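Visitor: Residue-level listing of the chains:
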Amino acid sequence: MRTFAAWLVLLFILLGDVAAAQKADRSAPPVLGPPPQLRLGTIQHLNLLNGLPVLLYEKHTVPLVQMNLVIRAGAVNDPEKKPGLASITAAMMTEGAGPRDALALSEAIDYLGAHLAVAAGYHTFAVSLNTPVARLDSALSLMADVVLRPAFPPAELERKRQERLTTLLQWRDEPGTLASVMFSRLVYGVHPYGIPSIGTEQSLRSFTPEDLRRFHIAYFGPNTAALVVVGDVTARTLMPRLEAVFAKWKPVRPVQMQLPPIAQVAGRHVVLIDKPGAPQSEIRIGCVGLPRRTDDYYNVIVMNTILGGSFTSRLNQNLREKHGYTYGAGSRFDFRPLAGPFLAGAAVQTAVTDSSLVEFFSELKGILEPVPQKDLDRARNYVALSFPGDFQTVGQIASQMEDLFIYDLPDDTFNRYIDRILGVSRDDVSRVAKKTLNPDAMVVVVVGDKAQIMQKIAGLNLGPLTIMSVDDVLGKAPSLGGSN
Amino acid sequence: MKRLLVMLLLGAAAAFAQESRITVPYTRFSMPNGLDVVLHEDHTTPTITVNCWYHVGSSREKPGRTGFAHLFEHLMFMGSPHVPEGMFDQWLESAGGDNNASTTEDRTNYYEDAPVNALELPLFLESDRMGYLPQSMTPEKVDLQRSVVKNERRQSYENRPYGMAGILLSENLFPPEHPYHWPVIGSMEDLSAATFQDVLEFFKKYYNPNNASLVVAGDIDPVKARIQVEKWFGEIPPGDPLPLQSPAPVNITQEKRLVYEDKVQLPRLYMAWVTPVRFAPGDAELDLLASVLSSGKTSRLYKRLVYDMQIAQDVTAEQGSNHLASTFMIVATARAGHTLRELESVIQEEIDRIKAQPPASREVQRAVNQYEASFYRRLERVGGFGGKADQLNSYLFYTGNPDYFNEDLARYRAVDANDVGTVASTYLRDNGRVVLSVVPVGKKELSAK
Numbered sequence: 017m018r019t020f021a022a023w024l025v026l027l028f029i030l031l032g033d034v035a036a037a038q039k040a041d042r043s044a045p046p047v048l049g050p051p052p053q054l055r056l057g058t059i060q061h062l063n064l065l066n067g068l069p070v071l072l073y074e075k076h077t078v079p080l081v082q083m084n085l086v087i088r089a090g091a092v093n094d095p096e097k098k099p100g101l102a103s104i105t106a107a108m109m110t111e112g113a114g115p116r117d118a119l120a121l122s123e124a125i126d127y128l129g130a131h132l133a134v135a136a137g138y139h140t141f142a143v144s145l146n147t148p149v150a151r152l153d154s155a156l157s158l159m160a161d162v163v164l165r166p167a168f169p170p171a172e173l174e175r176k177r178q179e180r181l182t183t184l185l186q187w188r189d190e191p192g193t194l195a196s197v198m199f200s201r202l203v204y205g206v207h208p209y210g211i212p213s214i215g216t217e218q219s220l221r222s223f224t225p226e227d228l229r230r231f232h233i234a235y236f237g238p239n240t241a242a243l244v245v246v247g248d249v250t251a252r253t254l255m256p257r258l259e260a261v262f263a264k265w266k267p268v269r270p271v272q273m274q275l276p277p278i279a280q281v282a283g284r285h286v287v288l289i290d291k292p293g294a295p296q297s298e299i300r301i302g303c304v305g306l307p308r309r310t311d312d313y314y315n316v317i318v319m320n321t322i323l324g325g326s327f328t329s330r331l332n333q334n335l336r337e338k339h340g341y342t343y344g345a346g347s348r349f350d351f352r353p354l355a356g357p358f359l360a361g362a363a364v365q366t367a368v369t370d371s372s373l374v375e376f377f378s379e380l381k382g383i384l385e386p387v388p389q390k391d392l393d394r395a396r397n398y399v400a401l402s403f404p405g406d407f408q409t410v411g412q413i414a415s416q417m418e419d420l421f422i423y424d425l426p427d428d429t430f431n432r433y434i435d436r437i438l439g440v441s442r443d444d445v446s447r448v449a450k451k452t453l454n455p456d457a458m459v460v461v462v463v464g465d466k467a468q469i470m471q472k473i474a475g476l477n478l479g480p481l482t483i484m485s486v487d488d489v490l491g492k493a494p495s496l497g498g499s500n
Numbered sequence: 047m048k049r050l051l052v053m054l055l056l057g058a059a060a061a062f063a064q065e066s067r068i069t070v071p072y073t074r075f076s077m078p079n080g081l082d083v084v085l086h087e088d089h090t091t092p093t094i095t096v097n098c099w100y101h102v103g104s105s106r107e108k109p110g111r112t113g114f115a116h117l118f119e120h121l122m123f124m125g126s127p128h129v130p131e132g133m134f135d136q137w138l139e140s141a142g143g144d145n146n147a148s149t150t151e152d153r154t155n156y157y158e159d160a161p162v163n164a165l166e167l168p169l170f171l172e173s174d175r176m177g178y179l180p181q182s183m184t185p186e187k188v189d190l191q192r193s194v195v196k197n198e199r200r201q202s203y204e205n206r207p208y209g210m211a212g213i214l215l216s217e218n219l220f221p222p223e224h225p226y227h228w229p230v231i232g233s234m235e236d237l238s239a240a241t242f243q244d245v246l247e248f249f250k251k252y253y254n255p256n257n258a259s260l261v262v263a264g265d266i267d268p269v270k271a272r273i274q275v276e277k278w279f280g281e282i283p284p285g286d287p288l289p290l291q292s293p294a295p296v297n298i299t300q301e302k303r304l305v306y307e308d309k310v311q312l313p314r315l316y317m318a319w320v321t322p323v324r325f326a327p328g329d330a331e332l333d334l335l336a337s338v339l340s341s342g343k344t345s346r347l348y349k350r351l352v353y354d355m356q357i358a359q360d361v362t363a364e365q366g367s368n369h370l371a372s373t374f375m376i377v378a379t380a381r382a383g384h385t386l387r388e389l390e391s392v393i394q395e396e397i398d399r400i401k402a403q404p405p406a407s408r409e410v411q412r413a414v415n416q417y418e419a420s421f422y423r424r425l426e427r428v429g430g431f432g433g434k435a436d437q438l439n440s441y442l443f444y445t446g447n448p449d450y451f452n453e454d455l456a457r458y459r460a461v462d463a464n465d466v467g468t469v470a471s472t473y474l475r476d477n478g479r480v481v482l483s484v485v486p487v488g489k490k491e492l493s494a495k
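From first to last, the protein sequence lines stand for chains C and F. The first sequence finishes on residue 500 if you use the numbering used here, and the numbering steps up by one all the way, no holes. The second sequence finishes on residue 495 if you use the numbering used here, and the numbering steps up by one all the way, no holes.
Honestly, the hints are just simulated from the structure, not real lab data. Please read all numbers here as calculations on a predicted model, not as lab measurements. Watch out, some of these pointers could steer you wrong.
In silico lysine-lysine, DSS-like type, Cα no more than 27 Å apart, as pairs [unchecked claim]:
1. C:Lys264 / C:Lys338
2. F:Lys343 / F:Lys401
3. C:Lys390 / F:Lys187
4. F:Lys309 / C:Lys176
5. F:Lys187 / C:Lys176
A short, non-exhaustive set of chain C residues, derived as facing chain F with CB atoms under 8 Å [stated by the list, open to error]:
6. Leu65
7. Leu80
8. Gln178
9. Ala294
Beta carbons are placed, not taken as given, at the ideal position from N, Cα and C, and that holds for glycine.
Next comes chain C alone, as it looks inside the complex:
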């Protein structure tokens, strides 16, 4: 060991002299060689005997395993009168399961150094486990309890209910949250995308353990789910362990939900939510975007990168680097199974709220014009060439792989991603900008100090202006007693 190290010292001294001969040429940025491709290893497609699909990606660099069980059910499956049911069902699955009550379950997971969490999105539940591989057996058994045998104890539900009602109360303090809640409601109305997935005071007060149990029984089965496994395991050793814990899981017949239609925003209107004394205004502008499986997926990503999806994007350059109105401005398309929103936003200094709105709309109009080739090149390269960086951790890889199941995408989606992004043309960008962005048909939400900003916003004549209070957005503050 010692001699080897000494030999390397010598080598470096020699190289140091070679390097001294090189002089840095700063007249232009360095010329770069061809970028690398992403070459992911094989994704193994396996099945348990009960049909549960298993997507396995072996990664042996760090002794960790990530297991994400994805179930096709979420807030879109909430009964009409019970928004928030999927979300609270998810939260309650780790509040006691199998032989363990809430405290014992939490203690057991923590003792393993593992993370086990359940979250409900709009269309999917995810039960995610991250554990040192040495503790996989114990962790897997806890995960199976949570998936198959949640207890939904009444006392824990009562505690969660109070916790969530308190969260609703705290939202009143958060200008960004107020803006997002109102934005979604204006764009989607009574569609589940328009309702906070945590639910409302009324629905939160209505949940019973039976509601949660019914939801779990209706939607959780090996035929509605897939298990994504990434990490320091092999199929040979993994599959018997999965069979041992999931074998008894029986298929279900989930209810197909009838959802209200999603309609594009018609015309432009402005909602101002008053936050007296606020030093900044939170701005959200947008409309209905596109679903994940749109043929224009890659085109839209590149177009939005130019508009507001990177540091050098037009919105950030304009509002932050040119005018200094904000700490950061941007835009994004939220791709979901159904058409998720397009939204642009920033927190801007109160005094320049109206000027910021002018700049937002100037950029939203500007992106409808043909984009310079250099803007296109930069955006394509930024998105495509940074993509391999999203495959470093077991958690990152598993979350990418979830999409293969959720959106029924082919395995080569990742290895073809770079070429697809690099194949987007200037015409594609202009076409999808015109198709998806109509600055005259967008909702505008501003949360800020009405006394300072209302007149100036009205003077912009963006469209009908509605003034709201926090109560209008979130309802009256929930009455939460000190009865404990």
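Knowing the structure of chain C, use the given hints to seat chain F on it.
Guide: Frame of chain C, contents of chain F only:
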């Protein structure tokens, strides 16, 4: 002949051949201008990162110029003589790269993540601003980033519920002459007062190769990477060495109690102590004490306040470790209808209890197990904040050894239940703390008094 110091650590090639030892193999050399360089290979993805630490943070600021180190961090992206304004980001994004930077009391860190073919670009960009930034700085650039930083302060502190608490706590934990007295973000008045001349002086004093360390990591060939680093950074002259900082130790002997009214629905209690510096004896023990108190449903404070009594919405305990002093903090938000007095009395009972009797060994082992797993998770990413390159720079700065991973983990493994009880008694003294109540405007009666 050049002064050349080369160190090599030959960690086990398979870093986890034996699970109990973790190591991040690296090569290190010091350049004649004093730049300390660490190279680390990780070929998991075809990406690289360049991570540069300048050993200056808000603790080096002068009174009347608070927030300057952080404002300067922003100015570092405004171009340098061979990088026109705006092109730092444009060139990097065009190559598929990304960047960010952050400032603390102790240091400022910068990183550029990029595909492996682009390695020379961040080396060019990083070296150009290290070598020549002032030549292209202008008062207009300073004014622009001053506005951006003021908006950062509005967004992250003034317009955020409870956002001013951290600022109030540092002011009261550390006396005015202590370099941690003022916040990293600075005051609005001082940000307004910063001048172009301040920028030039700050650069000359602190942004020198001998006050920096550079980690290049990822899908690299260390031999070639070294040649490239020497090519780009070799020409930059060193600056004057900096004096070490050694502020008088803080010793609070009388409890301070403060009340602050904020636009919030629920009152929140902050209890804070000054504790041993990062990696000093007691630091890891305090991390584990924080876990025993507030990590997971069965942790002591969570279980009583949030789970059993349900008088709090949340509670956290944390040892925030820094170079010149650390801060141990307990924070709890009251549920509606409950006062901070109620929360404080329960917290006090739990502190007294753990002082009187050490925790069960399983409670401590649980916390150690969580730390151990977190060390594995920290080895997955190479770039970005908290990636391996950033951690190598951090260990280098705080311990002198970039691969301090195993020694760091060993600190936690060596702690037993008695040690956890001991640090509670030694450092969480009732008369040595600051207690801050943040209450809704007009509701002082909800405070801890």
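Visitor: A separate judgement is required for each hint: does it hold in the structure or not?
Guide: Do the hints match the structure? See the list:
1. C:Lys264 / C:Lys338: Outside the cut-off at roughly 61 Å; violated.
2. F:Lys343 / F:Lys401: Holds. Lys343 of chain F to Lys401 of chain F sits at ~21 Å (cutoff 27 Å).
3. C:Lys390 / F:Lys187: Within the cut-off at roughly 25 Å; holds.
4. F:Lys309 / C:Lys176: holds (25 Å)
5. F:Lys187 / C:Lys176: Not OK: Lys187 of chain F and Lys176 of chain C at ~50 Å, beyond 27 Å, violated.
6. Leu65: Where the cut-off is 8 Å and the nearest Cβ of chain F is about 31 Å from Leu65 of chain C, the hint is violated.
7. Leu80: The hint holds - Leu80 of chain C has a Cβ within 8 Å of chain F, the shortest such distance being about 5 Å.
8. Gln178: The hint holds - Gln178 of chain C has a Cβ within 8 Å of chain F, the shortest such distance being about 6 Å.
9. Ala294: holds (6 Å)
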